[in-house]
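Asker: Here is what each chain is made of, one letter per residue.
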Amino acid sequence: RKEVEQDPGPFNVPEGATVAFNCTYSNSASQSFFWYRQDCRKEPKLLMSVYSSGNEDGRFTAQLNRASQYISLLIRDSKLSDSATYLCVVNMRANAGKSTFGDGTTLTVKP
Amino acid sequence: EPEVTQTPSHQVTQMGQEVILRCVPISNHLYFYWYRQILGQKVEFLVSFYNNEISEKSEIFDDQFSVERPDGSNFTLKIRSTKLEDSAMYFCASNPGQGAASGRHNEQFFGPGTRLTVL
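The listed protein sequences correspond, in order, to chains L and E.
Each residue of the first sequence is one higher than the last, beginning at 1 in this note's numbering.
Each residue of the second sequence is one higher than the last, beginning at 1001 in this note's numbering.
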């Protein structure tokens, strides 16, 4: 079983759509969780950390369910500029430590 | 906003040659990392570095690899004798550690990467 598993995608949605990405992780001792976005041939850019209480940043909402070892990212009112690969990232430590990346889910938002 | 920088952006080398990839982490960050991404594959952890020593390394990070922080700003990855399979994008990352705001201390910020091509 992969350490971090994401929806395989790709997702192709029209502008204005709501899209949700799912991610599961295998190690129940994992401590910190993130969503990154990666544009083609660019570096991963931090989108948001994910907290147990859930958190929102504008059109983006992240949820964490520790019991199910499940992380989600919801994008509302999607824009053309949201087209990218979304990476689910898990870290075993609360403070520093290596990040384990999922394979990523590619989103294309079309006009 | 402070950024991680990396040089060169693209390095082409012959198999068996040594390469040094350079990174300047964000200035007040305490933890430094190297990751790599082979084309079409996921980002993989190589090594983490804290307080002038390696804190963790993956099985990819064998004796051909080494890291160094030669001064107060640079963080380097050396590959002693490159192989064809070392061709990848190499990303440096840093995070602030415990001194950062609550919940932010484990956020890792990535540099733009060095594309290494081994011929």
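Among the hints, erroneous ones may be present.
Each computed DSSO-like pair below joins lysine-lysine, with the alpha-carbon atoms no more than 27 angstroms apart [said to hold, decoys possible]:
#1 LYS2(L) x LYS1042(E)
#2 LYS79(L) x LYS42(L)
#3 LYS45(L) x LYS2(L)
#4 LYS1078(E) x LYS110(L)
#5 LYS110(L) x LYS1042(E)
#6 LYS110(L) x LYS1057(E)
#7 LYS79(L) x LYS1083(E)
Hints are computed from structural coordinates only; laboratory data are not their basis.
Asker: Could you work out which earlier hints the structure fails to respect and list their numbers in ascending sequence?
Answerer: 4, 6 and 7
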